[in-house]
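Novice: Start from the sequences, fold in the hints, and give me the full structure.
Protein sequences appear in the order of chains R and X.
Using the working numbering, the final residue of the first sequence is 812, and nothing's skipped along the way.
Using the working numbering, the final residue of the second sequence is 780, and nothing's skipped along the way.
Accuracy of the hints is not assured; some may be wrong.
Stated by the list, open to error - Computed beta-carbon distance windows for the label pairs:
(1) K628(R) x A757(X): 27 to 35 Å
(2) T676(X) x K628(R): 23 to 31 Å
(3) K746(R) x A427(X): 57 to 65 Å
(4) T108(X) x K628(R): 41 to 49 Å
(5) A757(X) x D704(R): 31 to 39 Å
(6) L742(X) x F755(R): 44 to 52 Å
(7) R744(R) x D390(X): 43 to 51 Å
Said to hold, decoys possible - In silico EDC-like cross-links for lysine to aspartate or glutamate, where the CA-CA straight-line distance does not exceed 20 Å:
(8) K746(R) x D247(X)
(9) K628(R) x D39(X)
(10) K184(X) x D607(X)
(11) K746(R) x D227(X)
(12) K750(R) x E750(X)
(13) K602(X) x D655(X)
(14) K628(R) x E196(X)
(15) K202(X) x E637(R)
(16) K628(R) x E688(X)
(17) K628(R) x D38(X)
(18) K670(X) x E637(R)
(19) K398(X) x E452(X)
(20) K628(R) x D678(X)
(21) K58(X) x D714(R)
(22) K746(R) x E196(X)
(23) K528(X) x E402(X)
(24) K713(X) x E688(X)
(25) K62(X) x D42(X)
(26) K125(X) x D136(X)
Hint data in this document are derived by calculation from the structure and do not stem from the laboratory.
No residue lacks a Cβ here, since even glycine has one placed at the ideal position from N, Cα and C.
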Amino acid sequence: MSDLRFFIDPIRCIGCKACMQACSECATHRGKSMIHLEHIERGTSTQTAPMVCMHCDLPTCAAVCPADAIKRTEDGIVQSSQAPRCIGCSNCVNACPFGVPRYYPEIDQMLKCDMCYDRTSIGQKPMCASVCPSEALFYGTLEEFQARRKGTPKNTFQFGAQTITTKVFIVLPEGEIGLDMDVISHMDARFEPDAFDHLDPFAHLEPLPQAQGGLL
Amino acid sequence: MAKPPLSREDYLDLYGPTLHYTPPGGFRTVDDYDDLVDTHCCFCGQQCGIKLKVKDNAVVGFEPRYEFPFNRGKLCPKGIKRYLQGSHPDRLLHPMRRTPTGYERITWDEALSETVAKIQEIQAKYGKDSFAMLSGVSLTNEKSYLVGKFARLALQTANLDYNGRLCMVSAGAGNKKAYGIDRSSNHWEDITQAKVIFIIGTNIAECFPITTDYIWRARDNGAKIIYADPRMVPMARTADLFLPLRVGSDSALLMAMLHVLIRDRLIDEEFIRNHTVGFEETADAVSNATPEWAAEITGIPAEKIELAARWYGEAETGMILHARGLEHQTKGVDNVVSCANLALATGKIGKPGCGHSTITGQGNGQGGREHGHKCDQLPGNRDITNPEHRKYIAEVWGCPEEEIPGKGLTAQEILNAIHAGEIKGLLSLCFNPLVSLPDANFNREALDKLEHYTVIDFFLSETAQHADIVLPGSLHEEDEGTSTSGEGRVIKINAPVTPPGEARRDWEIMLDIANRLGRGKYFQYTSTREIFEELRLASRGGTADYSGITWDKVVNTMGVFWPAPQVTERGKTTMNIAELDSLHPGTPRLYEGGKFYHADGKARFNAVKWRESGEVVDEEYPIWFTTGRVVSQYLSGTQTRRIGPLVDQFPHPRLEIHPRMAKQLGIATDDWVTVQTRRGEVIIQANVVNTIRPDTVFMAYHWGGKESANLLTQRALDPVSKIPEFKVSACRVRLATPEEQAEGERVKAASARTEKNLPAGYGLNARRQELRR
Ligand code: SF4
Ligand code: SF4
Ligand code: SF4
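Specialist: This is how it looks when you write it as structure tokens:
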């Protein structure tokens, strides 16, 4: 099995969607993107998190497929459903603990990230990890990753009683990352209305209730 | 001439923007292309390397170009989907003349004769300078150079300027004042070696996305990141120190940082002594600029200002990066030299991991400001008022020196002069001032007053809709040449396809016009390579010296950093292009050993006095208004607002507003609000986000018509760089009335057509025939 791994580091993600645009250019599913970008509530954060298929060692999606349409290759890649077999029942969609497979009604078939099999099988990098401007998505060996990057890659996940190990690693940040997103909490004179007067067009209005550490 | 004859909706029906989703030939599930051509992205100043897939003379997709050292395969969404601009149904395919009911197709001969007749008529009646030219910096170096020569020698007008005037001129002017040369101080690899990176007024993740990786690499090497911006932009989120400064207060922050550096002796006295001039005066100017003083102005806690200064001062190596947030102001140049003061005071320049760089927003923002299509400049970044510079260029051009006009008006001043009736005719090339210049209503009035306007472009932009004659030019992938990236790296653009229909390469169009104006003797080129060779000679000895750069070398080494002067004696005296040498390896890092480009080799400190922006908030307009970009759109959107997947990613501008202000005004996300300034108003949907200062609202500027942020901005100019104050205005915001909301919804619905939904009159099938070639 190839020692090339896929790493996802959400802390680096800048929400640019280059990954989604590039995935939709893959030869096998051109026009459709197989990577999802989760937005944390935009009102309170600019954090985004990309999500590809985790390529589980023992894929739940394949286990629940009644038509045996989902295959795992020798190099550990869990494929999209096979066209003639898939009966469009969406069992996989419901069963995947990571919420990855999607049912496409227009073709009555499940499709998902196959780690760009057309590319990775001939030694190329997946499209999304190639383009990701900030290397939130990285494709390489564990050693390469550790040599140049901080953070702890993790590929064992616990879902209730089920332990899952995957080909894809999620990178956990080193130490604590303070993500205080409200700009007010980084500003001056938060609690001195006078000092803030000329900066704040609403200072003359009724003050807002104050909650922990900031206004609002 | 007069107002465009059609309504906005009619233009939409006829010329788009149409949202284009499918490559020529449709999506295929097996790779199907004839050729893979190495080139670069057509959008931002990073100029990422990319491979374009080509089939039947059309661009049908992309591949990452891993071997290009700057981006190593990385791309942003714009680069990935840029291939959809080729074979686009809105593409201009033949020359057109305006009629009372729209446009009619005419021949090239008719279009060129009419343009030339109008130029001659207007110039005979009102003088040479009454006909102006405006151009863009998405153009290659060759085209920029040609435009500079064309306006001066063919149109014989002084009034030529470029859209870099809306972008990096403050940085250019500031760099020249401080360092004597206008370029990023170093190649981007230096970023990765910096121990502290101070980023101010630039949304790197969305405007220069690949640079994100350089900064993360620095962080992995232990660098601290200081981020100053009125918004918690994506990269600020994980910065070690976030400084949410109020718009327009940059120089106060920078002065206070210098104050702390000097107070705490965190300066490099030896460097200052040996390599700089003017420190004492600058130190005096910041003697009262305490962090407490700056805290009042900026809204940043004084301790954080101290900390930022200490981190920057104490670190062994450090970089300062900035962009339009700090430059797009009436204090743009002050802000840039204030950054330079920090770099010079600490000696953090000219060494590995050290530097001070502006982030060029536009594709060839760097090269475009070197080759003479600025109103005050001749090739090689020469000064148009300097007799020696003029003499040299006259020699290269083979013309009498008096034939080169003097200094002309800048971009906004040209529009002002058109409005005032002083300029009567205009030729523009890839420039969309109606969307990109401030105070759009004023500029629209100005365009309506023109006696004649010819436009060279590939799509009918908002501005082009005012043209009397439309000449279909070329897309990036249809012409070859060089471009200079934000790093200062000269790269080679290749042309995988030829222009479709009757469209032609821009430089060939200019040559034809020059010929018809009887000035053909100055424009004897048969290829863009020949133009580059002349550019080399013209730049020789100037500060932006390209004389040691050849196309072949650029290709073989994946780019050459200018300045690359000649290195042997043979070339020094020759005026024969064929004898130019090319042995210089290029200059990735400037100022090594503390050598600067002023005559005495020393850098200059520039004392800055704090002053307020051109417009400040008051009772009537109590809220700061600022503008910027989103990652899926580019500049005035002429290209990106036509690419379906990019529009889907960010279809309309939104007003970002802090929950505190939103609550006071009774506004929730998705509510329609009306934003008003002294110039105009915009009806737009709100996005309530706590990632912006509570006294500021933000809107992206890529849209035209009634969705244009520049309806609100002002024409106040920086006194030195003449850059408009895009980033600072005073506004008021309120919930829209039901009528206003209906209007907003109508505008939103009518902003684009999708391919599937085109009206019968669009003639898409006919166009497709031509596009197919
Ligand atoms: S690995 Fe390939 S198929 Fe999977 S999300 Fe990335 S680009 Fe798409
Ligand atoms: S390309 Fe990378 S940074 Fe951009 S959204 Fe995808 S994962 Fe995030
Ligand atoms: S727009 Fe800039 S970052 Fe995006 S692909 Fe083009 S050059 Fe690269």
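Novice: Confirm or reject each hint.
Specialist: How the hints compare with the structure:
1. K628(R) x A757(X): 27 to 35 Å: With a Cβ separation near 29 Å, K628(R) and A757(X) satisfy 27 to 35 Å, so the hint holds.
2. T676(X) x K628(R): 23 to 31 Å: holds (29 Å)
3. K746(R) x A427(X): 57 to 65 Å: holds (59 Å)
4. T108(X) x K628(R): 41 to 49 Å: holds (42 Å)
5. A757(X) x D704(R): 31 to 39 Å: With Cβ atoms ~36 Å apart, the hint holds.
6. L742(X) x F755(R): 44 to 52 Å: holds (45 Å)
7. R744(R) x D390(X): 43 to 51 Å: For R744(R) and D390(X) the Cβ distance comes to about 45 Å; the hint holds.
8. K746(R) x D247(X): Holds - the C-alpha atoms of D247(X) and K746(R) are around 15 Å apart, at most 20 Å.
9. K628(R) x D39(X): Distance ~17 Å between K628(R) and D39(X) Cα, so the pair holds.
10. K184(X) x D607(X): holds (13 Å)
11. K746(R) x D227(X): holds (6 Å)
12. K750(R) x E750(X): Violated, at roughly 52 Å.
13. K602(X) x D655(X): Status violated; Cα separation ~49 Å.
14. K628(R) x E196(X): Distance ~35 Å between K628(R) and E196(X) Cα, so the pair is violated.
15. K202(X) x E637(R): With a Cα-Cα distance of about 33 Å, the restraint between K202(X) and E637(R) is violated, given a limit of 20 Å.
16. K628(R) x E688(X): violated (39 Å)
17. K628(R) x D38(X): Cα-Cα ~15 Å, so holds.
18. K670(X) x E637(R): Holds, at roughly 18 Å.
19. K398(X) x E452(X): violated (39 Å)
20. K628(R) x D678(X): violated (32 Å)
21. K58(X) x D714(R): Answer holds: K58(X) to D714(R) is near 18 Å, not above 20 Å.
22. K746(R) x E196(X): holds (19 Å)
23. K528(X) x E402(X): holds (14 Å)
24. K713(X) x E688(X): holds (8 Å)
25. K62(X) x D42(X): holds (7 Å)
26. K125(X) x D136(X): holds (14 Å)
Violation of the numbered hints given earlier is confined to hints 12, 13, 14, 15, 16, 19 and 20; the remaining hints are satisfied by the structure.
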